[in-house]
Amino acid sequence: MDEILEILEKDSRTTPEEIARMLKKKSGFVRKAIKGYEKDGVILKYKAVINKEMIRKEDGSVRALIEVRVAPQKNVGFDHIAERIYQFPEVTSCYLMSGTYDLLLVVEGKSIHMISNFIAEKLSPLENVRGTVTHFLLKKYKEDGDLLKRPRSEKRLAISL
Amino acid sequence: MKMNKKAEIIPPSGIRAFFDLVLGMKDVISLGVGEPDFTTPWNIRETAIYSIEEGYTSYTSNKGLLELRHDLSRHLKSAYGLDYDTEDEMLITVGVSEAFDLALRALLNRGDRVLIPEPCYVSYGPIVTLCGGEPVFIRTRPDNGFKITAKDIDRYCDKKTKAIILNYPNNPTGASYSREELKGISRAVSRHDLAVLSDEIYCELTYDFRHTPFPMLAGMKERTVYLNGFSKAYAMTGWRIGYACAPREIIHHMTKIHQYTMMCVPTVSQMAAREALKRASGSVQAMKREYKRRRNYIVSALNEMALDCHRPEGAFYAFPSIKKTGLGSMDFSRALLKEENVAVVPGTAFGPSGEGYVRMSYASSMENIKEALVRIKRFLNRG
Chain A
1 MDEILEILEK DSRTTPEEIA RMLKKKSGFV RKAIKGYEKD GVILKYKAVI NKEMIRKEDG
61 SVRALIEVRV APQKNVGFDH IAERIYQFPE VTSCYLMSGT YDLLLVVEGK SIHMISNFIA
121 EKLSPLENVR GTVTHFLLKK YKEDGDLLKR PRSEKRLAIS L
Chain B
1001 MKMNKKAEII PPSGIRAFFD LVLGMKDVIS LGVGEPDFTT PWNIRETAIY SIEEGYTSYT
1061 SNKGLLELRH DLSRHLKSAY GLDYDTEDEM LITVGVSEAF DLALRALLNR GDRVLIPEPC
1121 YVSYGPIVTL CGGEPVFIRT RPDNGFKITA KDIDRYCDKK TKAIILNYPN NPTGASYSRE
1181 ELKGISRAVS RHDLAVLSDE IYCELTYDFR HTPFPMLAGM KERTVYLNGF SKAYAMTGWR
1241 IGYACAPREI IHHMTKIHQY TMMCVPTVSQ MAAREALKRA SGSVQAMKRE YKRRRNYIVS
1301 ALNEMALDCH RPEGAFYAFP SIKKTGLGSM DFSRALLKEE NVAVVPGTAF GPSGEGYVRM
1361 SYASSMENIK EALVRIKRFL NRG
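Going down the list, the sequences are from chains A and B.
Quick note: the first sequence uses my numbering, first residue 1, plus one each step.
Quick note: the second sequence uses my numbering, first residue 1001, plus one each step.
Next comes chain B alone, as it looks inside the complex (with noise of 0.2 Å):
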């Protein structure tokens, strides 16, 4: 059968194959999760269950339940300073999966060119593809701790460039961006006109600074799709819920879009979500405080082994170069789990420039780091 052109365009994921292997293997100490080890706190599970005996199984207002929306602008207002209006600024999504789909698909016209930073998260290219766009990858480097500034903009733009994807902290390298660096980039982001999709799921677990939303900056509020959720800082992946704010005009686009793909998100993962926004910021302090350890734990103990780490600004991935020992990424990846049943994530599976790299998630209890260190400190001795 003849399918679809684009569809056929995008790649598959390239390390499916190598996923397949670490799925079907036992007893496999893996540093290769992208999602927190903690279940989402009691309170918010119960709340949900209460909520489906109390009978709250029918649809919502597509944009999301009006109090969720109240709760999240209230939520973002406090810990941000983030102003977005309820009814027209707001949309609740199934997961920052689906609202960066929307955004997309409500602003890119046929050939139109997406910037985006990478080694980055899996899906970003293939969307842009998928909705008729051009994905442009900037490199980054680890001399400069896998940040873009204003010159890597300056650049990679030119007249076809309708927008840029920013992800901070970042999946898979953990880098984040101080406000000061934010604001060269806002500068750069004026100059060129762009639209900004800001991925910000791991904003929460920002271990050195405060977290700066991209909206904040001067004149960035009225051209960023501020894209958040749930899952990371709650520990709710399996839950799919998020949300994008965004001035009204793409709003109102992405809500249509929304409404007839997905009409809205389960009932019970808003009712959820509205518990986490009003009781759970001490199980959140709690997670970021094990997170920190766990990183500052791990950087020190790679850096010691030789396999040089940046140290991570957020999120709960470590990015260490394995170059030292001539292997490739995949190939490194395939020998540590064949020789120490360690799973990590080849760095190539975050594009070409994470090649010489593997993301080892500290997503993991403190016992099984410590093991999987000891693991990987005896295969890299053993040569």
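This is chain A alone, in the form it adopts within the complex (with noise of 0.2 Å):
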């Protein structure tokens, strides 16, 4: 991967002048590059990484895997059904998957209540799906490669030769 997109991937605050500096590259030449990468969609976009474990719960949600069995259609095989159901902005995740069953969801909701009224009435009436098993999550312990804890404190010396 382009050491541009490896530096953004870590701190997506880092500005062109910054990665210029530390890539020994002219600032226009790395503006350029993001531009380019923004414009071809290898950027989707710029988010925070936040730490839901540390809302509130009232303020919480809850979310859940499922798993979704569904049979091909001539010609598309999973991808529209795949669209059919990503669609819906309870679902956050959706994957192909190899295995017992074809699609993996996660799903977020306020409520358990919500999340099954997503099963029942959108998810399983649908006409290709074959079935679901749900698993709800309990506790995140790391996602996308960030462990979900506060940033232990320095175990270094302040100061060695």
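These are computed hints drawn from the structure, not numbers from a lab.
Where hints are given, some of them may not hold.
[What the hints assert, rightly or not] Lysine to any residue pairs mimicking SDA-like chemistry, simulated, CA-CA at most 20 Å apart:
#: 1; chain 1: A; residue 1: K25; chain 2: B; residue 2: R1289
#: 2; chain 1: B; residue 1: K1162; chain 2: B; residue 2: R1223
#: 3; chain 1: A; residue 1: K25; chain 2: B; residue 2: D1208
#: 4; chain 1: A; residue 1: K10; chain 2: B; residue 2: K1370
#: 5; chain 1: A; residue 1: K10; chain 2: B; residue 2: K1026
#: 6; chain 1: A; residue 1: K26; chain 2: B; residue 2: N1296
#: 7; chain 1: B; residue 1: K1370; chain 2: A; residue 2: A158
#: 8; chain 1: A; residue 1: K24; chain 2: B; residue 2: K1288
#: 9; chain 1: A; residue 1: K10; chain 2: B; residue 2: D1037
#: 10; chain 1: A; residue 1: K24; chain 2: B; residue 2: R1289
#: 11; chain 1: B; residue 1: K1338; chain 2: A; residue 2: S160
#: 12; chain 1: A; residue 1: K24; chain 2: B; residue 2: E1367
#: 13; chain 1: A; residue 1: K32; chain 2: A; residue 2: A20
#: 14; chain 1: A; residue 1: K24; chain 2: B; residue 2: N1296
#: 15; chain 1: B; residue 1: K1288; chain 2: A; residue 2: L5
#: 16; chain 1: A; residue 1: K155; chain 2: B; residue 2: N1296
#: 17; chain 1: A; residue 1: K25; chain 2: B; residue 2: K1288
#: 18; chain 1: A; residue 1: K155; chain 2: B; residue 2: D1020
#: 19; chain 1: B; residue 1: K1370; chain 2: A; residue 2: I7
#: 20; chain 1: A; residue 1: K10; chain 2: B; residue 2: N1368
#: 21; chain 1: A; residue 1: K149; chain 2: B; residue 2: D1037
#: 22; chain 1: A; residue 1: K25; chain 2: B; residue 2: M1366
#: 23; chain 1: A; residue 1: K25; chain 2: B; residue 2: N1296
#: 24; chain 1: A; residue 1: K24; chain 2: B; residue 2: V1028
#: 25; chain 1: B; residue 1: K1370; chain 2: A; residue 2: Y141
#: 26; chain 1: A; residue 1: K155; chain 2: B; residue 2: V1028
#: 27; chain 1: A; residue 1: K155; chain 2: B; residue 2: R1240
#: 28; chain 1: A; residue 1: K24; chain 2: B; residue 2: S1300
#: 29; chain 1: A; residue 1: K24; chain 2: B; residue 2: K1370
#: 30; chain 1: B; residue 1: K1370; chain 2: A; residue 2: K149
#: 31; chain 1: A; residue 1: K10; chain 2: B; residue 2: G1282
#: 32; chain 1: B; residue 1: K1026; chain 2: A; residue 2: L157
#: 33; chain 1: B; residue 1: K1288; chain 2: A; residue 2: E6
#: 34; chain 1: A; residue 1: K155; chain 2: B; residue 2: L1021
#: 35; chain 1: A; residue 1: K149; chain 2: B; residue 2: F1038
#: 36; chain 1: A; residue 1: K155; chain 2: B; residue 2: T1237
#: 37; chain 1: B; residue 1: K1370; chain 2: A; residue 2: P16
#: 38; chain 1: A; residue 1: K149; chain 2: B; residue 2: T1039
#: 39; chain 1: A; residue 1: K155; chain 2: B; residue 2: Y1207
Assembling the complex is the task here: the two chains are given apart, and the hints tell you how they should meet.
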């Protein structure tokens, strides 16, 4: 992966000028490369990683992993039904899987009630959906490479030779 | 009580008071740390935990676990083309520090002179003294990138000169040597029939060219003690594990001293080191890329604020000149600490030719480096 992307993936606040300094490039070059990535959809958006485990429970949300078995359709395979499903805003992630089921969804709602409503009223009635298995998430420890806890304090001596 | 003369002669670390000042302060942004800011990669830590669970808690061979020496021998061969015999030419030690001490104890007789390019790591001079030798410091200068040349060796050598200590990439200057530069040095080493102690602990962190181990140069293997370890490349400073590779005779004597003083390196650290050699090269490369970006950033920012700084070729230290501020190294460091809560190490900690310089470690998060540089700029503008 291009180092510009590696740097931004780690900290998207890094400015083109700072990246230019780190890579010994002209800032114009970096800015142009980033524009290109944005235009091509390599960089989709910039956002903060929020540790929702730290947010008070009443503001929090409930998450579930849902395994979905689907009957594939002629010519379009799973893509069409996947699209029907991932358009729902409750669905935060959607993956096509190998193994005993076909789609894996991550679904988020204000309560267990809302998620079960979504499954009963939206997901299961879909024509090609053959069955679902729902797992509620109890606690998140790590997500996309980030540990979901307060950064640990410095363990090194503040000065050494 | 009457104390040992040599112990009395060696100076206490001159900047102890400054260190105590830093350690006593809160919320300091420190660019004064001489070790990686990464934690040891998890696969290495996990292997160590497992080895304890499995009951690997006894002594190992004095020379170190045979399996570790095998792995190490393979690693040195494939990474650098170095060829050392597992049985006779390798010794696993408690960090490079122990290996360095053993090598000097094995080699030096009273009055032998040892050349030490300076500024240098703090322990070289005192250990030479403790081993009965006489340190002879070669001053290096920024206009030559803080490097020595064959001419320097010629100038400083006399009949009593027994050995030279090399350390590249260098702590504190970050200077390193290309193969061509080393060739010149090796010719002077042969001319004066010197033993070489080559401390290459930072070798994996060489950014602009391929690192050449000193024993790879023609005729140098038979006179070199090659010193290296796991601390810097694998972020394993606290495990205290390093090694020496050298001709059979030197290792033989070093091993005797080691067996009477240290017996062996802690077994858990040796198990961890095996895992490091086997499965951590990806982590090493990722850390190196990150260090390189930080180096480029800090050097360019320092030069922009008129703290002249040569570009270090390795390690994780920038060594800018602070002469333009009109302050000495210690005064600069104290004032920066007091006024802006930023810690750096005065260049004088590494010898008198470090006067006018400070060491800034970029083994610190990018965020810390950026904030420290903002504060340093503010400090300079205040004049």
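Legend entry - Which numbered hints fail: 5, 16, 24, 25, 30, 39
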